[in-house]
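A.B. asks: Sequence:
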Amino acid sequence: MQFPNTTKHTVAIADDHRLIAESLSYLINDSPEFNVILLANNGKLLLEALEKSGDLPDICILDINMPVLNGVETAREINNRFPDIKLLALSMNDDEASVIQMIRAGCRGYLLKDCTQAELHRALHEIFTKGFYYSDFVTGKLVHTIHKEEKTTEPGVRLTEREMEFIRHAASEMTYKEIALTMKLSERTIDGYREALFEKLQVKSRVGLVLYAIRAGWVLAN
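Under the UniProt record's numbering, the first residue of the sequence shown carries the number 1, and numbering increases by one thereafter.
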């Protein structure tokens, strides 16, 4: 479904639940800043519409669990084909793995579907003006350097080779137990690495650690 374009910043939505997608469009269109121009039932249909469109949206909102082409795959494809489009993940999934997957796939923000209309509008505004939106849910108020654009660490931060190895594994879908097995270390030692890195980088969760690593250029975004 396509909507008339306006001078507002434009938004596309991919969600296989029609009611949710249409409800989102009404909530977004209530904003003086944004207007929904495209709805798609899955990532494949969204990509096909983008390929044919002469007027690409500024932001695409992606559900994670879609048939045919899911949110992670769709985000990667959009990043490759349409790098100027900014991406926002919107999902019922509140687990770290889902957040990390979507951020590494190129999403500039991650919202839960039970967010308020005000937070939805704020996320769209900050993604468009700042380039990203990381809610308290995503960061846990973790990354005090997340708003920095430069890919640098904080002054005085020194990481060992093993800590860097741990970070690369933490940015994957591996569990901490699997990381311990891969690094041939005890789970207690892995816990020690995690806590030491949280302290060094001033973050408070695995998601915060991955966000920091992406910003610092230690981990590729997709």
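These are computed hints drawn from the structure, not numbers from a lab. There could be a bad hint or two in this list.
Distance windows between CB atoms, simulated [as the list claims (entries may be wrong)]:
hint, residue 1, residue 2, range
1, 82, 196, 34 to 42 Å
2, 68, 30, 38 to 46 Å
3, 29, 67, 38 to 46 Å
4, 168, 112, 25 to 33 Å
5, 20, 202, 18 to 26 Å
Every residue, glycine too, gets a C-beta built ideally from N, C-alpha and C.
A.B. asks: Could you run down the list of hints and mark each one as holding or not?
C.D. replies: Evaluated hints:
| no. | hint | in the structure |
| --- | --- | --- |
| 1 | 82 <-> 196: 34 to 42 Å | holds, 39 Å |
| 2 | 68 <-> 30: 38 to 46 Å | violated, 30 Å |
| 3 | 29 <-> 67: 38 to 46 Å | violated, 26 Å |
| 4 | 168 <-> 112: 25 to 33 Å | holds, 27 Å |
| 5 | 20 <-> 202: 18 to 26 Å | violated, 36 Å |
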